[in-house]
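In our numbering, the protein residues as written are 3 to 189.
In short, the hints are calculated from the structure, not lab data.
Treat the hints loosely; a few may be bogus.
No more than 30 angstroms apart at the CA atoms, straight line, and that leaves these computed lysine-lysine pairs for BS3-like [stated by the list, open to error]:
#1 Lys33 / Lys96
#2 Lys46 / Lys96
#3 Lys46 / Lys131
#4 Lys131 / Lys96
#5 Lys33 / Lys131
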Amino acid sequence: MKTTASTLKILAVLAGLLTLVACNPIEKSSKSNSMLIVESITGKTIDGTTGLILESDVSTTTSDSATVTLQAALLDPSVTNPSQYNNVTLTGYKIDYTLADGTGDPGVTVPASIEGTSSSLLIAIGESKSVDFVAVLSAAKLVAPLLSLVGTTSRLQIVAHVTFTGVDGTNHPVETTGQLTIVFGDY
3 MKTTASTLKI LAVLAGLLTL VACNPIEKSS KSNSMLIVES ITGKTIDGTT GLILESDVST
63 TTSDSATVTL QAALLDPSVT NPSQYNNVTL TGYKIDYTLA DGTGDPGVTV PASIEGTSSS
123 LLIAIGESKS VDFVAVLSAA KLVAPLLSLV GTTSRLQIVA HVTFTGVDGT NHPVETTGQL
183 TIVFGDY
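Based on the sequences and whatever the hints tell you, model everything.
This is the structure we're talking about:
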């Protein structure tokens, strides 16, 4: 009887150890050693000048784009020899819009949030790359609140909070957020 109890105890301990080894929570929760940095987000004014704001004409049914310059960097700057596993592949972005004071009701006082995918742009550690993205969908100009601006001299200034997402070479997620001011009007 004692032998059976001892054997069962040993088997239980071995099963527990096997579970710990097979399902390492530290490995599953580890994060990337890389990060993305938004160096700049620029838009264009109605006259075509590139700057820190995007002027969006609500009387046209075209989407408006902006340009982001992103840099990939290491979280630990003391590492001197990054590998290809530290490089970041941009996979997509999401835009949430707010009023200047941080409030806003999507689809009522500000446009509804949008998401887009990236063309899998690879950014090596220490490198900066610029990429265009859709900042305002043409469909947003056909619904509230932008539709109410057509035929008026009113302007609506919002802040686009753009979260860019990607993965490093070991498939760990990497993300960063930047902001762009958008001024909507019937220009």
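Which numbered hints turn out to be false for this structure?
none
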